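J.: Residue numbers (this note's numbering), protein chains in the order written: chain A, -4 to 202; chain B, 949 to 1058; chain C, -17 to 78.
Since the hints were made in silico from the structure, they are not lab data. These figures come from a predicted structure and were not determined experimentally. There's no promise every hint is true.
[Claimed, not checked] Restraint-style ranges between C-beta atoms, simulated for each label pair:
1. A/T97 - C/R37: 36 to 42 Å
2. C/D36 - B/L1015: 26 to 32 Å
3. C/R37 - B/I973: 36 to 42 Å
4. B/G1011 - C/V50: 30 to 36 Å
5. C/A(-4) - B/P970: 32 to 38 Å
6. B/T1019 - A/V62: 46 to 52 Å
7. A/E99 - C/P22: 15 to 21 Å
8. A/L12 - C/M(-17): 50 to 56 Å
9. C/G12 - A/D179: 47 to 53 Å
[As the list claims (entries may be wrong)] EDC-like mimics (lysine to aspartate or glutamate), calculated; alpha carbons at most 20 Å apart, straight line:
10. A/K90 - A/D73
11. A/K125 - B/E1048
12. B/K1035 - A/D73
Virtual Cβ for every residue (Gly too), placed ideally from N, Cα, C.
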Amino acid sequence: MTAHDHPHAAVGEGDELPGYFEILEIALRELLIEKGLVSADALRRQIEILDSRSPALGSRVVARAWVDAAFKARLLADGSAACEELGVTMYDGTKLIVLENTPEVHNLVVCTLCSCYPRPVLGLPPDWYKSRAYRSRAVRWPRSVLAEFGTNLPDDVEVRVHDSTAAMRYLVLPMRPEGTDDLDEDALAGLVTRDAMIGVTRVATPG
Amino acid sequence: MTGADDLIRRGANDLGGLPAEPIVISDHELLPWEKRCHALLDVLAENRVVNTEEKRRGIDDLGSELLGKLTYYEKWVLAASNVLMQKGVLTSDEIAQRVEAVQDRLGMAR
Amino acid sequence: MTARFGPREEVTVARRYPPGHLRTPFYCRGRTGVVERVLPASINPEEEGFGMYDRAQVPLYRVRFRQVDLWPSYAGPAHDTVDIEIYEHWLVKAES
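One chain only, chain A, in its complex shape (with noise of 0.2 Å):
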């Protein structure tokens, strides 16, 4: 733990105080909570949401899909329903669609006109994914994005950029590496990164 992860406990402590945008954020939620607009209930139950959230349920989405052909079927047809069926609730109204990747075709997943991301499934984007820099190049030098990940694609492979604008979400279902038939669901699962799933790397055989 570092200071910055408690700003208030460092009050009076003779560390950093907290910043305006802090304060700023404070005020208003104090102002929502007497208008009646927010209840403090509400938000401790969001934050407990959005903590239960992260790439370990999207990778159990794909490693279940690897060894389920009826499930991946039914992922493909509607992402947001399959995924319930895991428990995996879409908390925030939008619909998933799941992009499968195959030796013909490599998805990769962008928002250019903010950071929209399958936050049900993948929790809270990474720092890059909101970057202007990757906003910016993502939809016209996809190649070189890869390349900066490491993940080099012949020229034989499509490269399909999705472009998430406005009420879907995307989710990458990566290929399943070779060299991976014995071992079971949890050990696929654990294979599975958030970087594949947004479409920036592939899934690396194991060992």
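Please build the complex by placing chains B and C on the supplied structure of chain A, with the hints as guidance.
T.: Only chains B and C this time, still in chain A's reference frame:
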């Protein structure tokens, strides 16, 4: 075209295809206030006070200088303040007084 | 509201640059692509962004563009594509 026309042709946060530097593959654990800010905007949307699209509009309206300089949740909290004022939910004076009260409570100079 | 376009239909994005809160990326204005699928109708974000939550829903599409049609100087192979969600009022039938 006077040149001024060009400034509105592309929204300040509409970045697709602009030249930019290599990706810095970075991340950080959200600070507690950043996570609270995220939850606050989620609940405001759920309660139909300020929804996601209004928040996005508020962020676009910050303009390219602020978009380039503020951190992600600094943009969110500033956009939320502006939209709440535009909708008549809060006033500048209320916000200013509460900011001062919070600073006093935390023993900060102002 | 019924969707005017169907899958595989060629559509062109309006070359318009109005003020407002727009969710149609600048880079696809005036470009032609193919409807990949019709998505569930949705509130128009250009109205929702200004606090109008309960207006009629409008048809929404996922339109697939070839990179070489978006960026004449595209450096990769001609089969690379971009999918973008676009609301119906931005689309016209492509001239063949």
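J.: Which of the stated hints cannot be reconciled with the structure, identified by number in ascending sequence?
T.: Hint check: 6, 7, 11 and 12 fail, others pass.
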